[in-house]
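*Asks:* Chain by chain, the residues run as shown.
2 protein chains.
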Amino acid sequence: MGNEVSFAGRHLLLELWEAHGLDQLEVVDQALRDAVEACGATLLTLKLHTFSDTGGISGVAIVAESHISIHTWPEWDYAALDVFLCGNCDPFDAVPVFKKAFRPGQIQMMESKRGVR
Amino acid sequence: MGNEVSFAGRHLLLELWEAHGLDQLEVVDQALRDAVEACGATLLTLKLHTFSDTGGISGVAIVAESHISIHTWPEWDYAALDVFLCGNCDPFDAVPVFKKAFRPGQIQMMESKRGVR
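In order, the protein sequence lines correspond to chains A and B.
Taking the numbering used here, I'd label the letters of the first sequence as residues 1 to 117.
Taking the numbering used here, I'd label the letters of the second sequence as residues 1 to 117.
No wet-lab data here; the hints were simulated from the structure.
Treat the hints loosely; a few may be bogus.
[What the hints assert, rightly or not] DSSO-like mimics (lysine-lysine), calculated; alpha carbons at most 30 Å apart, straight line:
#	chain 1	residue 1	chain 2	residue 2
1	B	47	B	113
2	A	100	B	47
3	A	47	A	99
4	B	100	A	113
5	A	113	B	99
Construct the entire structure; sequences and hints are all you get.
*Replies:* Set out below in structure tokens:
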């Protein structure tokens, strides 16, 4: 087929609004771990940071297939998530995990293919 | 002004092609640190992983303003970089750093505003 496209990975940018639990470290930690598992990815490192001024949390799971990250703004009930996975992993498999963990009233998604050749 | 837009951060997706040094840990490490500095961001954690099969490297700098990440595919002379920064930091300030570090023959860029309200 002449219209086949080869790419290195799929990068899903997720915007959660009217979301819950965004200042709860254990919720964010578990959501990242569950997302890694749901996508069939291999966890290498998980790091979390909390911000005392707002209660915001930043977390990144580095996986063998790239990374899954979250940055939360509890003051806006908003979180920005990225699910960037190469190989056969499907980043959309993380969406039900994040819906369950953060119960957002609204979700926006954008997928970007990375390394298109 | 009626057309003002408020957002949480700016996320720059960078694709480097025909790039060099993508399997050199010290080059990737220094590039991430220099990018953090160039953007005026505050480094919280920097983690790097190497992949023995391809020589590829994954690295994430978690900063107080979100994150800067890199995933390299030396076999394609390709690297995927993300510079996601909130506050007054400008992610485009990282571009000259990555150009100098990896001397790519081609660069593709896409900016996404995150948390647009």
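*Asks:* State for each hint whether it applies.
*Replies:* Results for each hint:
For the hint linking residue 47(B) to residue 113(B), the alpha-carbon distance of about 25 Å falls within 30 Å, and the restraint holds. For the hint linking residue 100(A) to residue 47(B), the alpha-carbon distance of about 29 Å falls within 30 Å, and the restraint holds. Distance check on the hinted pair: residue 47(A) and residue 99(A) sit about 21 Å apart at the alpha-carbon level, within 30 Å; holds. Restraint check for residue 100(B) and residue 113(A): satisfied, since their Cα atoms lie roughly 25 Å apart, inside the 30 Å limit.
For the suggested pair residue 113(A) and residue 99(B), the alpha carbons sit about 22 Å apart, so the restraint of at most 30 Å is met.
Consistency note: the structure conflicts with none of the earlier hints.
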